[in-house]
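S.K.: Counting in this note's numbering, the sequence shown runs without a single skipped number right up to 516 at its last residue.
Calculated from the structure, these hints are not laboratory results. Don't take each hint at face value.
The calculated EDC-like cross-link candidates involving lysine to aspartate or glutamate, where the alpha carbons are at most 20 Å apart (straight line), are [as the list claims (entries may be wrong)]:
| # | residue 1 | residue 2 |
| --- | --- | --- |
| 1 | K514 | D478 |
| 2 | K514 | E447 |
| 3 | K497 | D478 |
| 4 | K514 | E435 |
| 5 | K514 | D504 |
Okay, the calculated beta carbon distance ranges per label pair [what the hints assert, rightly or not]:
| # | residue 1 | residue 2 | range |
| --- | --- | --- | --- |
| 6 | N454 | S507 | 36 to 44 Å |
| 7 | K514 | R471 | 18 to 26 Å |
| 8 | L437 | D390 | 52 to 60 Å |
From a predicted model like this one, the values you see are computed outputs, not experimental measurements. Glycine included, each C-beta is placed from N, C-alpha and C at the ideal position.
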Amino acid sequence: MAENTEQTDDSMDDWAAAMAEQAEVESGETKSGGTVPPLDQFESAGKPNGTENPINLEVLMDVPVTLSMEIGRTSLNIRSLLQLNQGSIVELDRLAGEPLDVLVNGTLIARGEVVVINEKFGIRLTDVISPAERLRKLR
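Please take these sequences and the hints and turn them into a complete structure.
M.R.: Right under this line is the structure:
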């Protein structure tokens, strides 16, 4: 029974200490003599950017990305892959004349057709995803 009373006294001491600590926090002072920053600073820091602080995308404008054009895809088993040699033909999943996919870091952003410019290949974009949609896909 005496053991039970000691546990109750200990738990009451814990509660008293917690209540005293809470009173210190509410008054804005700590045991070390410093002050506790107001809660509203943390609340505003945790809010998502809205109209108050628009996201500055200018920082991202010089980040390099990989742009690739894809004329089609196929799946091969390893046996078929190892049998490929010069002159082998690999059948793709697209019909001749279909637009190519334009990918940025693996994400589709446009479709286009192949053109030749100064004896080099190029692509004429025929269907481009809107800038807003491109940014949404980045997030």
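S.K.: Taking the hints in turn, state whether each one holds.
M.R.: Hints versus structure:
| no. | hint | result |
| --- | --- | --- |
| 1 | K514 <-> D478 | holds, 16 Å |
| 2 | K514 <-> E447 | holds, 19 Å |
| 3 | K497 <-> D478 | holds, 18 Å |
| 4 | K514 <-> E435 | holds, 18 Å |
| 5 | K514 <-> D504 | holds, 17 Å |
| 6 | N454 <-> S507: 36 to 44 Å | holds, 39 Å |
| 7 | K514 <-> R471: 18 to 26 Å | holds, 22 Å |
| 8 | L437 <-> D390: 52 to 60 Å | holds, 55 Å |
In summary, the structure agrees with every hint in the numbered list given earlier.
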